[in-house]
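Asker: These protein sequence lines map, in sequence, to chains A and B.
Under our numbering, the first residue of the first sequence is numbered 98, with each subsequent residue one higher.
Under our numbering, the first residue of the second sequence is numbered 2, with each subsequent residue one higher.
Do not rely on the hints blindly, as some may be mistaken.
[Claimed, not checked] If you want a taste of the chain A side facing chain B, the calculated C-beta under 10 angstroms gives, among others:
id, residue
1, G144
2, A145
3, I146
4, G277
5, P395
6, K399
7, A401
8, L403
9, L405
10, A407
11, P409
12, Q411
[What the hints assert, rightly or not] Covered stretches of chain B (in silico footprint by chain A; criterion: 3 or more residues with CB under 8 angstroms from a CB of chain A, positions within the stretch not fixed):
id, region
13, 53-62
14, 91-104
15, 152-166
Hints listed in this document are in silico derivations from the structure and should not be mistaken for laboratory results.
Glycine included, C-beta positions come from ideal geometry on N, C-alpha and C.
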Amino acid sequence: MIDFSKHAGFDLSVRTRAEKRFQWTGRLAILLSLAFLGWMMVTIIWGAIGATQSVQIAVSVDLSRVDGQAIENTRFGSIVKTGLRSQFPEVSKRADKKKLYNLVSPEGGFELARQVQKNPDLLGETALIWLTASDDLSQYYRGQMDVDLPEDQRQVSDLEIAWITDLADRGQIRTKANWGFFTNGDSREPEIAGILAALVGSALSLAVCFALSFPIGIAAATYLEEFAPLNRISDIVEVNINNLAAVPSIVFGLLGLSIFLGYFGLPRSSPLVGGMVLSLMTLPTIIIASRASLKSVPPSIKEAALALGATPVQAVFHHVFPVALPGMLTGAIIGMARALGDTAPLLMIGMVAFIVDIPKSILEPATALPVQIFLWADSPERAFSEKTSAAILALLFFLVAMNLVAILLRRKLEQRF
Amino acid sequence: MNSPFLSARNVSIFYGDKQAVFDVDLDIEANKVTALIGPSGCGKSTFLRAINRMNDQISSCRFEGSLKIGGQDIYDKSVNVVALRAQVGMVFQKPNPFPKSIFENVAYGLKIHKLTSSKTELQDRVEWSLKSAGLWDEIADRLNEPGNSLSGGQQQRLCIARTIAVEPKVILMDEPCSALDPIATAVVEELIDNMRKDFTIVIVTHSMQQAARISQQTAFFHLGQLVEFGETKDVFTNPREQRTQNYITGRIG
Numbered sequence: 098m099i100d101f102s103k104h105a106g107f108d109l110s111v112r113t114r115a116e117k118r119f120q121w122t123g124r125l126a127i128l129l130s131l132a133f134l135g136w137m138m139v140t141i142i143w144g145a146i147g148a149t150q151s152v153q154i155a156v157s158v159d160l161s162r163v164d165g166q167a168i169e170n171t172r173f174g175s176i177v178k179t180g181l182r183s184q185f186p187e188v189s190k191r192a193d194k195k196k197l198y199n200l201v202s203p204e205g206g207f208e209l210a211r212q213v214q215k216n217p218d219l220l221g222e223t224a225l226i227w228l229t230a231s232d233d234l235s236q237y238y239r240g241q242m243d244v245d246l247p248e249d250q251r252q253v254s255d256l257e258i259a260w261i262t263d264l265a266d267r268g269q270i271r272t273k274a275n276w277g278f279f280t281n282g283d284s285r286e287p288e289i290a291g292i293l294a295a296l297v298g299s300a301l302s303l304a305v306c307f308a309l310s311f312p313i314g315i316a317a318a319t320y321l322e323e324f325a326p327l328n329r330i331s332d333i334v335e336v337n338i339n340n341l342a343a344v345p346s347i348v349f350g351l352l353g354l355s356i357f358l359g360y361f362g363l364p365r366s367s368p369l370v371g372g373m374v375l376s377l378m379t380l381p382t383i384i385i386a387s388r389a390s391l392k393s394v395p396p397s398i399k400e401a402a403l404a405l406g407a408t409p410v411q412a413v414f415h416h417v418f419p420v421a422l423p424g425m426l427t428g429a430i431i432g433m434a435r436a437l438g439d440t441a442p443l444l445m446i447g448m449v450a451f452i453v454d455i456p457k458s459i460l461e462p463a464t465a466l467p468v469q470i471f472l473w474a475d476s477p478e479r480a481f482s483e484k485t486s487a488a489i490l491a492l493l494f495f496l497v498a499m500n501l502v503a504i505l506l507r508r509k510l511e512q513r514f
Numbered sequence: 002m003n004s005p006f007l008s009a010r011n012v013s014i015f016y017g018d019k020q021a022v023f024d025v026d027l028d029i030e031a032n033k034v035t036a037l038i039g040p041s042g043c044g045k046s047t048f049l050r051a052i053n054r055m056n057d058q059i060s061s062c063r064f065e066g067s068l069k070i071g072g073q074d075i076y077d078k079s080v081n082v083v084a085l086r087a088q089v090g091m092v093f094q095k096p097n098p099f100p101k102s103i104f105e106n107v108a109y110g111l112k113i114h115k116l117t118s119s120k121t122e123l124q125d126r127v128e129w130s131l132k133s134a135g136l137w138d139e140i141a142d143r144l145n146e147p148g149n150s151l152s153g154g155q156q157q158r159l160c161i162a163r164t165i166a167v168e169p170k171v172i173l174m175d176e177p178c179s180a181l182d183p184i185a186t187a188v189v190e191e192l193i194d195n196m197r198k199d200f201t202i203v204i205v206t207h208s209m210q211q212a213a214r215i216s217q218q219t220a221f222f223h224l225g226q227l228v229e230f231g232e233t234k235d236v237f238t239n240p241r242e243q244r245t246q247n248y249i250t251g252r253i254g
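Isolated chain B (complex conformation):
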């Protein structure tokens, strides 16, 4: 087994007095898709948002423990949260393109980080990102149209293209398919599978079938605790814990 790329130790997260995540230890390997599953309110999204410190936006939210990416504790005072988020991208539950053109949506991250030195390079990079997100063929001739003129599935792939344009090391996905129809979901799932070779992906999903289809490793959360973590096929076919068994067979959830 490789040394873990992302490792969480004793992670507890609080909203005010209420504890949402209890003492989670989790090791995530590079270039794999790790699914976080569990019933609503089990803390999986909270844990995901802790990985790029989006929880900092919520003033009542407090983090304890250590979370290391590539050996660096991301909650250390020396870590610049802006630099962290450029390396740890995030795709949200509801597609949220900027109210700008398709091109501007993808180019935005490149522009603010000044990752390209010329206009042609910027255009190439946007094209590459849209191709990687499997969106290029559908929208190549309407790059200047507003991003929210696209369909829901296209919007979500636009958000993925926007995220991979800045080439982060980790991509966090918070139920990216929950607002999509089954066909769009299938397209996005295939895309996630393809992205695995370039990125480390952590995905929160409500759908156990989806977790089984796209992930190599699965973590089951229940009531804020990490109940079970392992190879996806083991978790789904041969769970060690009774609670996991109950969840995947539909007895709790």
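Just chain A, same shape as in the assembly:
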């Protein structure tokens, strides 16, 4: 029997160990990065759990004296306050009253107005209405506040805790799925702030970005790859495109600020300008990906078409282009995904604004999802931190969805040759 492990002349054990060592290093590296990724995801999801639920408080409001014809002019805010006072008639000090009012979100009056408008039958009687609670109440109710701290160091005083316990005992506090997070715009009050305005702003910006950068990008790539003469000028163009892909995106933001806003006078903070700036950023990515995709098409296909008497344009558009298109689309979508996650250029053109209303066109002021995250992460209210995590999850969801679409598109359109 031959012992293959003991070959004369050389020792395999060193090489075998080197092989094993390398493989384990690789596995360890992957494990480590997966662990960090998992850690990050768990932290974000953990942080975002609070944002899925909103706390509501039932206030008995006296609507008997509201004029059904003049709902717009009624001060629902004071009706809510009166309702709260009637619940706790023993409160008399001004400072305590203020604390009492702070159980309900400052937007409670508007909320009540909306409910009355939707349901006019409520008028004329005293009704128990569920209103969004303030962020302090929500935090305390969910147990996110450290009640062991001395009273002057926490957001909720003993008096407020007594009220909250009282209300909870009477069944006047409940938690509810927080759909408002997806249907509201931004707000100063974390309990009612939502991502819809930012989401719509991002979608409009991306639509503008795609409409601009995809046609321009593939046209440029096709010309450079298939038609441009090989000379100094095309060399310079190529080097510049490659360099542009590495330019920090804030520089494109400055460019947009000085040219699109300063020179052309386009509307500040609008998705139109946002999309234009983002397309500056994605264009090099799309051009490079599209050129790589065109380059991977076997030249024999183009030669076959030319030898049949097709013009160069026909040869490219009938044969090379369809084969390269899935790759171009993938490049474009990956470029778009980068644009979706980018904040810096948008800061420069004023898309960092506080936007409550959902933008209805590409000319209205808007903000974008990553900018919204940036703004919320900066806010002092504790409750904004869970909103931040939830918004990050929403952004990650869209990024993953876009990359998934890219993969599926490529699978579906890919032709073998």
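Got chain A sorted already, so can you dock chain B onto it with the hints?
Answerer: The following block gives chain B in isolation, referenced to the frame of chain A:
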């Protein structure tokens, strides 16, 4: 002897500074198969690609001399290269069907040149081309399948069908059988012999046996020069030049 259909005079071809073809004079007659033979890198493929100006694709490639087809200098400024290539078709070394259906492969040339006026005419023309290429019986019921689902030999015949569909005057073949097995090669060789009555064929081949089997005239290239040109049987049995003798007996190559 007929007046030559294709005549090259003082043809020199350069890639950048490097000269690949030196001062070639060659007369090719209509409806004959002319084989260009020679060792690798002897300029025979370069010369072939000059006949339908495929070398224009290579920016560093430069042509000198004159190349006339039917009396027209094809490198004249007045000649439209697209029209030239419609008349001078080419079959490549590696089968290169378009990534489309078999039908679309053959119909493509007809469509871009608008050679047919109706759908039935187009179908007839495709059928005729596939029959001429000896492929019809094998694939008649799967015209809508992708061209690259065929075997290598079938793909090459599909490429030939695609080329003859537009009825060029000259068909250039650049080692059309080098990627095929012997059986597929035999089929293609027979096809080339049949095509001779309708087309003028210029074929580059590495195989001297193949040149002897299918061509009527043979040109031997060596180091970019045309060493010998004549009737195939003369070149192979009674070469005038020592270098030809050495090549066909296997002493150089």
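Asker: Each hint: holds or not?
Answerer: Outcome of the hint check:
1. Hint status for A/G144 relative to chain B: violated, with the closest Cβ pair at about 49 angstroms, above 10 angstroms.
2. Annotation: interface hint on A/A145 violated; nearest CB of chain B at approximately 46 angstroms, more than 10 angstroms.
3. Among the interface hints, the one on A/I146 is violated; its C-beta lies about 50 angstroms from the nearest C-beta in chain B, farther than the 10 angstroms criterion.
4. Look at A/G277: its Cβ only gets to about 51 angstroms from chain B, farther than 10 angstroms, so that hint breaks.
5. Restraint check, A/P395 versus chain B: the minimum CB separation of about 7 angstroms is within 10 angstroms; hint holds.
6. Hint status for A/K399: holds, given a least beta-carbon distance of 8 angstroms to chain B, under 10 angstroms.
7. Interface hint status for A/A401: upheld, as the beta-carbon distance to the closest one in chain B is roughly 5 angstroms, under 10 angstroms.
8. A hinted interface residue such as A/L403 counts as satisfied when its beta carbon comes closer than 10 angstroms to some beta carbon of chain B; here the least separation is about 6 angstroms, so the hint holds.
9. Given hint, A/L405 at the interface with chain B, holds; its Cβ is 4 angstroms from that chain's nearest Cβ, closer than 10 angstroms.
10. Look at A/A407: its Cβ gets to within about 5 angstroms of chain B, closer than 10 angstroms, so that hint holds up.
11. A cut of 10 angstroms between beta carbons decides the hint on A/P409: the least distance to chain B is about 9 angstroms, and the hint holds.
12. With a cut of 10 angstroms, the hint placing A/Q411 at the interface with chain B holds, because the nearest CB-to-CB distance is about 6 angstroms.
13. Coverage of the region 53-62 of chain B by chain A holds in this model, with 4 residues showing a Cβ closer than 8 angstroms to a Cβ of that chain against a need of three.
14. Three residues within the 8 angstroms Cβ limit are the bar, and the region 91-104 of chain B against chain A gives 7, so the coverage statement holds.
15. Counting residues of the region 152-166 of chain B whose beta carbon lies closer than 8 angstroms to any beta carbon of chain A gives 3, which reaches the threshold of three, so the coverage claim holds.
When the structure is compared with the earlier hints, violations turn up for hints 1, 2, 3 and 4 and for no others.
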